[in-house]
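There are 6 protein chains.
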Amino acid sequence: MNILKLGIPKGSLEKATIELFEKSGWRIKLSSRNYFPEVDDLELSCSICRPQEMSSYVEKEVLDAGITGKDWTLENESDIVVVADLIYSKVSKRPTRWVLAVPGDSKIQRLEDLEGKKIATELVGYTRKFFAQKGINVEISFSWGATEAKVVSGLADAIVEVTETESTIRAHGLRIIHELMTSNTQFIASKAAWADPWKREKIENIALLLQGALRADKIVGLKMNVPQTHLDQVISILPSMNGPTVSPLYHSEWFSVETVISEHEVRDLIPKLLKNGAEGIIEYSLNKVI
Amino acid sequence: MNILKLGIPKGSLEKATIELFEKSGWRIKLSSRNYFPEVDDLELSCSICRPQEMSSYVEKEVLDAGITGKDWTLENESDIVVVADLIYSKVSKRPTRWVLAVPGDSKIQRLEDLEGKKIATELVGYTRKFFAQKGINVEISFSWGATEAKVVSGLADAIVEVTETESTIRAHGLRIIHELMTSNTQFIASKAAWADPWKREKIENIALLLQGALRADKIVGLKMNVPQTHLDQVISILPSMNGPTVSPLYHSEWFSVETVISEHEVRDLIPKLLKNGAEGIIEYSLNKVI
Amino acid sequence: MNILKLGIPKGSLEKATIELFEKSGWRIKLSSRNYFPEVDDLELSCSICRPQEMSSYVEKEVLDAGITGKDWTLENESDIVVVADLIYSKVSKRPTRWVLAVPGDSKIQRLEDLEGKKIATELVGYTRKFFAQKGINVEISFSWGATEAKVVSGLADAIVEVTETESTIRAHGLRIIHELMTSNTQFIASKAAWADPWKREKIENIALLLQGALRADKIVGLKMNVPQTHLDQVISILPSMNGPTVSPLYHSEWFSVETVISEHEVRDLIPKLLKNGAEGIIEYSLNKVI
Amino acid sequence: MNILKLGIPKGSLEKATIELFEKSGWRIKLSSRNYFPEVDDLELSCSICRPQEMSSYVEKEVLDAGITGKDWTLENESDIVVVADLIYSKVSKRPTRWVLAVPGDSKIQRLEDLEGKKIATELVGYTRKFFAQKGINVEISFSWGATEAKVVSGLADAIVEVTETESTIRAHGLRIIHELMTSNTQFIASKAAWADPWKREKIENIALLLQGALRADKIVGLKMNVPQTHLDQVISILPSMNGPTVSPLYHSEWFSVETVISEHEVRDLIPKLLKNGAEGIIEYSLNKVI
Amino acid sequence: MNILKLGIPKGSLEKATIELFEKSGWRIKLSSRNYFPEVDDLELSCSICRPQEMSSYVEKEVLDAGITGKDWTLENESDIVVVADLIYSKVSKRPTRWVLAVPGDSKIQRLEDLEGKKIATELVGYTRKFFAQKGINVEISFSWGATEAKVVSGLADAIVEVTETESTIRAHGLRIIHELMTSNTQFIASKAAWADPWKREKIENIALLLQGALRADKIVGLKMNVPQTHLDQVISILPSMNGPTVSPLYHSEWFSVETVISEHEVRDLIPKLLKNGAEGIIEYSLNKVI
Amino acid sequence: MNILKLGIPKGSLEKATIELFEKSGWRIKLSSRNYFPEVDDLELSCSICRPQEMSSYVEKEVLDAGITGKDWTLENESDIVVVADLIYSKVSKRPTRWVLAVPGDSKIQRLEDLEGKKIATELVGYTRKFFAQKGINVEISFSWGATEAKVVSGLADAIVEVTETESTIRAHGLRIIHELMTSNTQFIASKAAWADPWKREKIENIALLLQGALRADKIVGLKMNVPQTHLDQVISILPSMNGPTVSPLYHSEWFSVETVISEHEVRDLIPKLLKNGAEGIIEYSLNKVI
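These protein sequences, in sequence, are chains A, B, C, D, E and F.
Residue numbers for the first sequence follow UniProt numbering, beginning at 1 and rising by one.
Residue numbers for the second sequence follow UniProt numbering, beginning at 1 and rising by one.
Residue numbers for the third sequence follow UniProt numbering, beginning at 1 and rising by one.
Residue numbers for the fourth sequence follow UniProt numbering, beginning at 1 and rising by one.
Residue numbers for the fifth sequence follow UniProt numbering, beginning at 1 and rising by one.
Residue numbers for the sixth sequence follow UniProt numbering, beginning at 1 and rising by one.
Heads up, some of the hints might be wrong.
A pair holds if it fits inside one copy or across any two, identical chains being indistinguishable in the list.
What the hints assert, rightly or not - Below, simulated SDA-like cross-link-like pairs (lysine to any residue); rule was C-alpha separation at most 25 Å, straight line:
{"#": "1", "residue 1": "Lys118", "residue 2": "Pro248"}
{"#": "2", "residue 1": "Lys29", "residue 2": "Ala146"}
{"#": "3", "residue 1": "Lys23", "residue 2": "Leu238"}
{"#": "4", "residue 1": "Lys129", "residue 2": "Val260"}
No lab work stands behind these hints, which were simulated from the structure alone.
With the hints as extra help, turn the sequences into a complete structure.
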């Protein structure tokens with residue numbers, strides 16, 4: 001039987017990933033002491049894996065596919081296929097950014113001022129390539145967390161660190177002088193798995209449902225009754241996401257109009273719909289939008 | 001750009017109000033130390049304000065509109081526009097009532113027996129007017145909470161106090177002899193804002209969505225298939241809230257019938273629908289019902 | 001006025017039963033000190049009752065109907081009507097089983113080896129009958145919980161005990177050699193209530209809604225747009241649970257197709273629907289499916 | 001090696017018993033699935049056992065000693081040795097009582113009125129003996145909990161039930177007409193264990209430390225300096241629990257006086273001590289008082 | 001029988017006050033719906049009362065004594081006896097302060113700049129008197145909480161508000177230009193109660209024990225053995241709080257030295273004691289230090 | 001002013017370290033976003049640092065002293081001074097061990113069988129040296145957590161991993177074939193700080209108090225009265241930790257005997273003391289034992 005080997009990211013992405021799979025139709029059951037969670041699909045075998053190592057494992061075909069951050073795939077320079085970007089909108093509104101920061105009172109103002117300086121970071125490879133391309137000589141050392149402290153202690157002149165809200169950076173009195181990369185979660189696959197028809201179809205189907213479930217977080221169903229005389233008018237103000245479903249009502253000059261729209265548009269749209277003759281408007285939640 | 005200044009009530013109504021706005025389409029983000037919460041609508045600016053002071057602020061146009069209790073608007077005798085009553089059904093089944101209570105063993109039986117007596121209350125103005133209209137002379141003093149204790153301690157002969165379940169009143173051995181007012185939450189606006197076309201439309205649109213979200217708490221969607229022969233029969237037993245949506249099915253003598261009804265009617269209606277020929281009945285939840 | 005006396009099971013089934021009734025349309029309000037909870041239906045009167053005693057109370061007509069486990073009805077040999085099996089799928093995936101277990105190092109391998117041995121169990125009657133039918137002489141004693149400990153202490157040679165996951169049995173080093181019965185929750189009624197037309201109709205209506213709510217846990221609504229050219233193809237791959245609702249769209253060669261299907265089929269069905277020409281697929285949750 | 005087999009009560013006494021042993025010097029470690037907890041004393045082997053069955057197990061020498069309620073020892077008429085009464089003062093101020101209760105509107109006023117009536121109880125044996133001694137004929141049936149409900153449903157005329165605060169009894173509208181027994185926790189031993197010198201000494205040592213730890217909950221240490229001139233005066237007002245420890249101070253006419261007293265006496269004693277010349281009074285907590 | 005009527009402050013001081021009384025020897029049992037808590041002393045009767053109203057009630061002899069903030073006693077200009085200052089050190093390290101604050105960008109720099117300006121505060125009386133004494137004319141209005149918002153909204157030019165950490169003040173961008181008062185918790189009594197010998201003694205005894213319990217939070221017991229040759233040396237470096245208790249040891253040239261000292265001195269003192277010849281040093285906690 | 005730079009370990013040791021310092025007399029206040037916590041001693045400056053990096057920082061004199069695990073000091077081969085072993089007895093009874101484990105069904109039985117095999121570990125340096133000394137050639141790769149999974153996936157033949165209870169190792173079906181090291185928490189200092197008289201004294205004083213607080217976890221105070229006739233007898237059975245404090249009592253032939261002993265000896269000692277004539281025995285807790 002065909003099996004797809006799938007990597008689930010350990011750490012900050014873990015809970016959101018399990019919940020997304022649940023909403024998409026797969027139940028993944030973690031055990032606190034085992035890195036191979038159960039999943040209710042005989043064609044899948046799951047492994048828990050650190051995001052930092054995921055793309056290497058996929059590249060070496062230890063895993064066929066996995067969920068990880070774009071940053072670590074770039075750091076590892078892994079030769080893999082990016083199947084889909086997964087924007088976990090509920091976790092945070094701001095993207096994950098890797099920035100270069102210096103002490104607030106440092107004389108360093110621009111990247112060029114870093115010539116000959118020491119930089120501490122967990123993202124050694126990417127940072128090295130970044131400065132090499134700019135022709136700036138820097139000494140880069142690996143830091144295993146608590147990176148902000150290193151620049152405060154004087155062990156480094158600058159750091160390259162990940163941040164969403166900049167609060168840790170500001171709490172240490174650091175100043176950001178450059179953004180090296182923004183990152184987001186991705187669904188990736190190995191080239192071999194992508195070339196295998198059965199695996200590719202399985203991967204594409206999973207991607208389809210993951211994206212359908214993510215989309216449903218921000219979209220709602222809307223249904224209303226509209227008289228024939230106002231039908232064109234109402235349809236013309238509906239956002240054009242998918243064309244609306246319009247059904248004639250029985251023994252009547254009225255039509256049922258149903259559509260899906262972004263949740264944040266509803267508050268502006270409903271007053272307009274009423275003005276244009278719609279009645280009996282209801283809104284309902286969705287699980288998936290394909 | 002036009003801005004509507006909106007007051008959010010502090011205290012017992014605060015959480016329910018924030019949740020209602022969320023369901024209606026606006027996210028209001030409180031900060032524990034700031035009275036000016038963020039809202040995701042550039043046309044709105046929010047302030048946290050005590051319900052007791054809300055109507056005065058609206059009257060003086062410090063705020064254009066606000067959410068508060070009817071009781072405090074009456075207490076302040078504020079000259080404002082009541083845009084909508086908002087019945088927060090989930091918080092409590094019983095209305096908020098202001099009652100006059102005396103010690104269980106007091107000789108006071110009727111309002112007239114209060115002639116010359118001392119009354120403690122937080123609702124000084126309304127109570128004073130109430131007794132003045134009845135021509136009964138009473139001495140009214142302001143009480144800052146723990147009002148029940150004052151009549152037990154002998155500092156007052158009676159109190160006028162707010163209650164939902166009467167449990168605090170009974171726990172102090174008091175007896176209610178009159179109900180002065182029932183209150184509920186209201187959406188209010190200043191006369192000036194109501195006269196300004198842009199502000200009035202903004203206020204009306206907010207009211208429309210707040211009421212649509214409140215209504216959806218108690219209403220569900222119901223959908224079923226009905227053969228043509230039983231269509232009139234089924235339609236006749238559906239509650240007439242909005243007329244049902246009836247759509248002919250493809251290549252068939254059957255129709256799809258869809259309607260919205262009060263959740264508490266469903267358990268009685270479903271057996272009747274089955275008896276009258278409906279099939280494939282499903283019920284689903286709603287977010288808004290306009 | 002007619003009243004149906006309904007028994008609610010105390011203990012492990014209590015919470016799930018109350019929630020199921022809530023979803024079905026009845027609010028049952030427990031009080032921590034009273035065995036007669038309130039219910040928002042004047043035709044019902046509820047009592048809390050141990051599952052072990054439920055069927056006897058129904059048989060003696062102290063109650064008209066009740067929720068209990070099949071195991072205790074069989075233990076009591078109660079002469080009642082089984083109205084419906086209620087499979088509470090969310091509580092546990094595995095059925096409740098009564099098994100015969102012996103110490104891991106016991107010489108007992110088969111039921112026959114129990115001849116003349118001592119068995120401890122809470123299910124005395126059923127176990128006695130079971131062995132009598134097989135012609136095996138055993139000495140059965142009643143055990144009030146902590147039954148596993150009795151065989152470990154040497155007070156019994158074997159136990160008959162209830163289990164879902166076998167974890168307690170394994171933790172005491174016991175070995176299962178026979179399964180006597182599997183059980184599940186049932187809705188039962190007395191023969192007299194079933195013979196009374198009003199009570200029977202009330203019981204059937206409750207059963208209808210309880211089953212409708214249980215079914216909705218595992219079923220979702222699915223809606224899509226399909227061009228006329230692919231309509232037969234799409235319909236042919238839809239699971240045949242209820243025939244789909246097909247409505248022609250206005251001024252168009254497209255149709256709206258709507259159906260309900262098992263949640264676990266969705267992940268396989270959606271890719272097929274897309275391949276066969278369906279578009280704009282949405283999935284939504286259901287409260288009841290009749 | 002000698003081993004003492006000790007029974008720990010399951011249920012409401014379990015947590016308080018484990019904590020008391022901890023304070024006395026033994027750590028008992030429960031496992032959620034095993035009835036034989038570990039203890040850090042090679043001379044002890046612990047078993048978890050229901051209080052209802054404890055005295056029978058001790059009588060039959062399955063256990064050498066155990067902690068249980070006096071009520072169940074009397075119910076079982078077990079022939080055992082009561083080593084010590086353990087009054088767990090922190091759990092509840094009121095003793096556990098077994099009472100006879102009837103519906104509030106019952107005509108039964110005295111025990112004699114129960115002649116020929118039905119009584120439901122979990123304490124069948126004790127209740128039977130109680131009425132036999134009084135020469136009153138009653139029909140006693142075993143009830144497995146929810147006993148209050150039985151008299152409300154009319155299945156029994158009276159109940160014999162355990163209570164501390166009477167709140168469940170009052171919540172069902174019952175009236176207490178007699179108290180059959182008050183109970184408390186006891187440390188019991190088998191006659192054989194008591195006759196064995198090693199076991200008896202082990203049992204007595206455990207009892208000594210359990211009682212020392214219980215006593216320390218209500219007693220504190222008090223220390224003060226007193227001039228020789230006031231020494232007799234101060235000593236005369238100290239409660240006489242144990243004589244105080246009086247030590248002369250170095251190069252001085254002062255003495256250090258140290259004693260242990262009931263915590264609730266401290267607030268009245270300290271002002272008196274000051275008046276009588278004591279100085280530098282300190283109070284500290286105790287773990288054990290033997 | 002003599003009874004002392006004691007006021008317990010509602011709100012932020014409530015929990016700390018109940019705990020202090022518990023540690024001092026009185027158990028006060030609050031009921032969520034009753035303002036008259038139970039206390040285990042027949043000579044006391046407790047009432048819950050807002051700190052703002054406490055001193056007025058004591059002055060009018062509705063209460064004999066009470067716990068409240070010094071600020072509200074000054075605000076009310078109540079003619080009462082301050083029995084003791086109670087510094088609740090564990091709640092917060094910083095004292096409660098009433099400060100005058102203005103918007104960060106206000107032109108107001110000194111008190112004199114407030115001439116003719118509007119000030120919002122809950123502390124109307126004290127503030128009025130303060131400015132009258134300085135001969136500065138200001139318009140003072142009562143504010144019922146959310147006072148910071150008023151100056152931001154432009155309803156006032158400055159506020160007088162209570163603060164410990166200044167965090168709310170800073171979160172609204174305000175600037176402090178003057179401190180009007182620092183406050184702390186006090187135990188107060190009415191003049192009449194103070195003149196009544198029985199009441200005065202009861203009040204003094206309570207004050208004695210409250211202060212003894214507060215002191216014990218910051219003080220520990222220290223005990224050591226010292227050879228005669230080093231005794232004077234060791235005693236000379238002990239802090240002189242109370243003279244140490246020195247007892248000669250039996251058949252030996254050594255002495256036991258025992259004292260109480262501030263907890264924060266211990267870490268510096270112990271190394272010195274060892275150097276000066278002390279041995280076997282132990283530290284223990286105290287409940288009360290009189 | 002002299003300052004000692006002290007490293008506090010991040011992660012699993014963090015909480016226990018902060019609590020130990022609190023008990024020893026220093027309050028360290030963590031901020032969630034800053035690696036430089038505040039401490040109430042002007043002579044100390046604290047930094048949060050990963051245990052893996054602590055000894056390197058101390059060796060390079062970025063820090064003067066720190067708390068870390070012995071394992072990481074050995075891994076880093078840091079040239080530092082071990083001031084004290086700190087056995088945090090309450091956290092876990094078992095020592096931290098680094099073990100070599102292989103799959104349960106592996107043919108590897110002894111260290112020699114690893115010749116030419118792949119080992120994954122976080123402890124690369126120590127492991128490399130270990131095998132080099134034994135003359136066994138192995139390929140060692142760094143693993144960043146989830147090490148057990150690597151041997152299960154076939155990426156390594158064996159792992160060297162840290163464990164206390166072996167539960168994770170067993171949950172992956174691994175078998176331990178060798179223990180490379182046991183570790184515990186240590187207080188370490190740099191050679192330079194140790195050579196500086198002021199810093200050395202500060203470090204020794206901190207070590208003294210940390211050890212005094214750790215010791216007090218397992219030791220209690222015991223005090224009793226003994227008649228002169230039994231004094232030698234009682235003293236002879238007291239454990240000889242520190243000689244007991246013996247004080248003659250006033251006007252009496254009795255003596256007060258006070259000592260400190262291991263908590264786990266108390267339960268055996270008290271019965272013996274009573275038999276030998278001691279009376280009025282009390283036990284109390286200690287904060288520090290030097």
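How the hints compare with the structure:
no.	hint	in the structure
1	Lys118 x Pro248	neither (71 Å within a copy, 66 Å between copies)
2	Lys29 x Ala146	between (32 Å within a copy, 17 Å between copies)
3	Lys23 x Leu238	between (28 Å within a copy, 21 Å between copies)
4	Lys129 x Val260	neither (45 Å within a copy, 54 Å between copies)
Going down the numbered hints, you'll see the structure goes against 1, 4, while the others check out.
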